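Chemist: Next come the chains, spelled out residue by residue.
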Amino acid sequence: MSKPAIMLNNVTKSFGSTQVLKEISLDVSPGEVLVLIGASGSGKSTVLRIMSGLEKSDGGEIWVNNVPLHENKRAREICGHVGMVFQQFNLFPHKTALGNVTLALIKAQKLSVAEANKRGMAALERVGLAERSHHYPAQLSGGQQQRVAIARALAVEPKIMFFDEATSALDPELVGEVMEVMRSLAREGMTMVVVTHEMGFARKTADRVVFMDQGIIAEQGTPEQIFVNPQNPRTQQFLSRVLEH
Amino acid sequence: MSELIISALPTLLQGLGITLLLSVAAIIGSTLLGLLAAVLRTSGLPVAKQIAVLYTELFRGTPVLITLMFIYFGIAYFGYEINLFAAGILGLSIYQGAYIAEVFRAGIEAVPKGQWEVSWILGLSKRQTFMNVVLPQTRGIVLPPLVGQYLSLIKDTSIVSMIGMSELMHQGQAIVDRIGQPVVIYGLVSLLYFAVCFPLSRWVQHHQTRSQLS
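Top to bottom, those sequences are chains A and B. Residues in the first sequence are numbered consecutively from 1, following the numbering used here. Residues in the second sequence are numbered consecutively from 1, following the numbering used here.
Bound-form chain B, shown alone:
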């Protein structure tokens, strides 16, 4: 069995590298999209709010695979080309951004109204208030659910294998197709996902405990 593991590991690690790259890029993309949608939703502008609601409800109500398929094949259908990696980043960012928007919205709305009022009287603009007063206060509120969403995103990258991207899950499938031994190979794939997600999960728990103590 050790020989099997040793021979499969380089291919799986190569897949893990792509999974990590895809995850980091999609985490950045989904965070920016989510934050933008949350700002629009809490802006008080009716049209902006409607756009944000439509976005969050639409993508929270559809499976991630449909979003990925729609982007990859949909763009091709209209005569444009998109590579697998870009489609994966775009699909995961748009899909997870809808959930992250709700995390940020809850954080923004948890900041007392009095913070906005005192900032207004002191002469701070809405943007200055958001950046310097509200956003820093949401950090402690949104961090645990945000990291939870990131963990979900990292695991969701395995679905990108369905459109043919050679990330960790896809590489595992390829090895199983070639030599069999699904229990060992998928066990190894699971361990690699766990090795990425577990420290992140422990870190947020540690951070939460520290915040509560301080």
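Next up, chain A with everything else stripped away, as it sits in the complex:
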């Protein structure tokens, strides 16, 4: 059996007096698509931020791509090996689509401009936006901006991709184009951890669905197990509320 791409062991996290994660343990296998679902404040985004190194845990062990993120001195080793797509896109507004994608390649990976442009254009091609490479974020729709953000993350050739409610800030008619890019990444075998409220995506694309409730993993299983036959009353309650709409 291959070593997990991500390993969380009894991870805890509090913000002030509020404990948002209570001894979370979770493994993600290479190539797996793991979807985290749960109500707002259940801790799913905090898990993602801890996995990506953006947030420090209070306790427990976190191994991502063999990097021990719980050791502060080594946390930086993860940079450039994982990709993160945020709800608010976080594109660099003063750079074109291509400029956004190539900045880290030129500055952090020290590629030549020509090489970075080549790789950047390939990443934009992958998300269907090569013809918009010279547009600034303000000249793109929300869906296109998010696809540029995905291309930017992919260009550094990450081993793992994190998606933090990547479609929540989009108009409903723009959600599909972003979802399609995410589905194609899943088909290509990318290890993905996705926080989403899009239950259709979780059901059709996830290998495993984790339901979080009040800082714990209340239930996990295949999409079939979670959506058709949930065991935990809190999962049943959450899904009946979400699927009603």
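Think of the hints as simulated: they come from the structure by calculation, not from any bench. None of these values were measured; they are calculated from a predicted model. Each hint should be verified, as a subset may be incorrect.
Unchecked claim - Straight-line distance between alpha carbons at most 30 Å, and here's what the computed BS3-like set of lysine-lysine pairs gives: (1) K126(B) <-> K56(A); (2) K126(B) <-> K95(A); (3) K3(A) <-> K56(A); (4) K113(B) <-> K56(A); (5) K95(A) <-> K110(A); (6) K110(A) <-> K126(B); (7) K126(B) <-> K49(B); (8) K126(B) <-> K159(A); (9) K22(A) <-> K3(A); (10) K73(A) <-> K126(B); (11) K110(A) <-> K56(A); (12) K56(A) <-> K49(B); (13) K110(A) <-> K113(B); (14) K49(B) <-> K73(A); (15) K3(A) <-> K159(A); (16) K113(B) <-> K73(A); (17) K49(B) <-> K113(B); (18) K113(B) <-> K159(A); (19) K56(A) <-> K22(A); (20) K126(B) <-> K118(A); (21) K95(A) <-> K113(B); (22) K118(A) <-> K95(A); (23) K22(A) <-> K73(A); (24) K113(B) <-> K22(A); (25) K118(A) <-> K159(A).
Fit chain B to the known structure of chain A by using the hints.
Modeler: Just chain B now, kept in the frame of chain A:
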């Protein structure tokens, strides 16, 4: 009156030249100092932050004349020599740098935290993020207040006349002392300051309008 203006103008223009030189040098000095203080203040390092806070609060809480006097006479008191021009540049740079630091700090803090986060994940160092991501984004935010501060600095150069430097204001005073006619001479001095400051003020307004339109 025209004869008076014609005879005073060469001396005043000579003073204006020194005012402009002093302004440009102090603008460069205060911008660098202000940027450094803003970086220290937003660096997250407690000691660096304390140093920056002490600097900005100290000089924002004292008159520019005291700063100039302290530098010019203070350095002499300790047995060192400093010429008037250098004292003027140093005093204005240190004093205005404290205000400019606050302008830059506001600009840096206005850049969303997500920009730092995504840069970190992409593998950019803090310095690379600051230079390539944060600083370019502060340009539009800091430019209007920064130019406002530069205008204030240009006008503050008149205070350097108090320590005896022959800039525009000092030359005007010298002419008035010699031949009188303060209304005409100081009117002329005001016009020359205005001729320097007004285009700068219009330029920033134009830039702001263009930025809003784009």
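Chemist: Now look at each hint and say whether the structure bears it out.
Modeler: Tested hints:
A hinted pair counts as satisfied when its Cα atoms are at most 30 Å apart, and K126(B) with K56(A) qualifies at roughly 18 Å. Between K126(B) and K95(A) the CA atoms are separated by roughly 18 Å; this keeps the pair inside 30 Å, and the hint holds. For a cut-off of 30 Å, the pair hint linking K3(A) to K56(A) stands: about 23 Å separates their Cα positions. Annotation: proposed proximity of K113(B) to K56(A) holds, straight-line Cα distance about 16 Å (limit 30 Å).
Between K95(A) and K110(A), the direct Cα distance comes to roughly 18 Å. Compliance with the 30 Å bound is thereby established for this hinted pair. Our distance criterion of 30 Å between C-alpha atoms is met by K110(A) and K126(B), whose separation comes to about 16 Å. Our distance criterion of 30 Å between C-alpha atoms is met by K126(B) and K49(B), whose separation comes to about 16 Å. Restraint check for K126(B) and K159(A): satisfied, since their Cα atoms lie roughly 23 Å apart, inside the 30 Å limit.
Between K22(A) and K3(A), the direct Cα distance comes to roughly 24 Å. Compliance with the 30 Å bound is thereby established for this hinted pair. A hinted pair counts as satisfied when its Cα atoms are at most 30 Å apart, and K73(A) with K126(B) qualifies at roughly 15 Å. Our distance criterion of 30 Å between C-alpha atoms is met by K110(A) and K56(A), whose separation comes to about 28 Å. Restraint check for K56(A) and K49(B): satisfied, since their Cα atoms lie roughly 23 Å apart, inside the 30 Å limit.
As the CA atoms of K110(A) and K113(B) are separated by approximately 25 Å, the hinted pair is consistent with the 30 Å bound. For the hint pairing K49(B) with K73(A), the CA-to-CA distance comes to about 23 Å; that is within 30 Å, so the pair holds. As the CA atoms of K3(A) and K159(A) are separated by approximately 14 Å, the hinted pair is consistent with the 30 Å bound. Proximity of K113(B) to K73(A) is assessed by CA-CA distance (about 22 Å); at most 30 Å being required, the pair is judged to hold.
For a cut-off of 30 Å, the pair hint linking K49(B) to K113(B) stands: about 19 Å separates their Cα positions. A hinted pair counts as satisfied when its Cα atoms are at most 30 Å apart, and K113(B) with K159(A) qualifies at roughly 25 Å. For a cut-off of 30 Å, the pair hint linking K56(A) to K22(A) stands: about 14 Å separates their Cα positions. As the CA atoms of K126(B) and K118(A) are separated by approximately 26 Å, the hinted pair is consistent with the 30 Å bound.
For the given pair, K95(A) sits about 17 Å from K113(B) by alpha-carbon distance, which is consistent with the 30 Å threshold. Pair hint K118(A) plus K95(A) holds up; C-alpha atoms about 17 Å apart against a cutoff of 30 Å. A threshold of 30 Å between alpha carbons decides the hint, and for K22(A) with K73(A) the separation of about 24 Å falls inside it, so the pair holds. This hinted pair checks out: K113(B) and K22(A) have alpha carbons roughly 26 Å apart, not beyond 30 Å.
Among the hinted pairs, K118(A) with K159(A) is consistent with the structure: their alpha-carbon atoms are about 20 Å apart, no more than 30 Å.
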